[in-house]
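Residue-level listing of the chains:
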Amino acid sequence: DGGITQSPKYLFRKEGQNVTLSCEQNLNHDAMYWYRQDPGQGLRLIYYSQIVNDFQKGDIAEGYSVSREKKESFPLTVTSAQKNPTAFYLCASSIQRTGNTIYFGEGSWLTVV
Amino acid sequence: EDQVTQSPEALRLQEGESSSLNCSYTVSGLRGLFWYRQDPGKGPEFLFTLYSAGEEKEKERLKATLTKKESFLHITAPKPEDSATYLCAVQVEGFNKFYFGSGTKLNVKP
Chain A
612 DGGITQSPKY
622 LFRKEGQNVT
632 LSCEQNLNHD
642 AMYWYRQDPG
652 QGLRLIYYSQ
662 IVNDFQKGDI
672 AEGYSVSREK
682 KESFPLTVTS
692 AQKNPTAFYL
702 CASSIQRTGN
712 TIYFGEGSWL
722 TVV
Chain B
81 EDQVTQSPEA
91 LRLQEGESSS
101 LNCSYTVSGL
111 RGLFWYRQDP
121 GKGPEFLFTL
131 YSAGEEKEKE
141 RLKATLTKKE
151 SFLHITAPKP
161 EDSATYLCAV
171 QVEGFNKFYF
181 GSGTKLNVKP
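Protein sequences, first through last, are from chains A and B.
Numbering-wise (our numbering), the first sequence opens with residue 612 and increments by one.
Numbering-wise (our numbering), the second sequence opens with residue 81 and increments by one.
It is worth saying that the hints were derived from the structure and are not from the lab.
Partial pick of chain A residues on the chain B-facing surface, computed with a CB cut under 10 Å:
#, residue
1, TYR646
2, GLN648
3, GLY651
4, GLN652
5, LEU654
6, CYS702
7, ALA703
8, THR712
9, TYR714
10, TRP720
Below are the BS3-like pairs computed for lysine-lysine, each with C-alpha atoms no more than 25 Å apart in a straight line:
#, chain 1, residue 1, chain 2, residue 2
11, B, LYS137, B, LYS185
12, A, LYS620, B, LYS185
13, B, LYS185, B, LYS139
14, B, LYS139, B, LYS149
15, B, LYS189, B, LYS122
16, B, LYS177, A, LYS681
17, B, LYS139, B, LYS122
18, A, LYS682, B, LYS122
19, B, LYS177, A, LYS668
20, B, LYS177, A, LYS682
21, B, LYS122, A, LYS620
Cβ atoms here follow ideal geometry from the backbone N, Cα and C, with glycine treated the same way.
Build the full structure now, drawing on both the sequences and the hints.
Shown next, in the form of structure tokens:
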């Protein structure tokens with residue numbers, strides 16, 4: 612089945628540690644996105660990528676990094692510079708056209724311990 | 081400033097009691113308005129896309145409508161399995177700029 616796979620579902624980070632969240636899609640979508648969701652707030656865009664080897668910062672990119680070496684993959688690294696990383700992280704993808712629908716993965720929970 | 085506001089924040093209904101959720105937006109250059117359903121601990125599930133004022137779309141007990149300033153998600157005779165958070169998003173400025181509302185948490189009691 613086509614879809615977006617995020618892993619791991621649950622991740623714990625120690626202070627000062629970098630962690631990487633995986634996102635893979637087999638929908639043949641050009642664009643991929645990372646969003647952060649906090650309780651009671653809307654989704655906030657961290658990074659997005661329209662094509663391989665290119666990506667742009669979203670509204671809350673500080674403390675995060677991404678890569679796009681393959682069309683299917685868009686991993687997100689939460690660095691130690693992100694001071695409040697505990698949140699639900701959502702990866703999404705879409706085709707590249709105006710009015711395109713974005714589709715989401717099942718999400719990853721990151722908790723600082 | 082572009083903004084999306086959903087109301088109410090939470091809604092409790094009895095099974096069979098119809099109601100509507102609201103998504104109001106103040107954006108320039110609307111390219112599309114999207115509704116999603118999100119269950120606890122899961123990613124949002126796509127429901128509808130609306131592109132222009134006057135457009136309507138239906139799926140089972142759900143009907144989405146769009147005006148120039150807001151969208152409504154009408155729920156007719158809801159069932160407990162309709163309980164979820166419903167998210168609204170708008171797309172502006174081309175392909176990749178989306179603004180999300182904070183959602184309406186719907187609880188349908190049997």
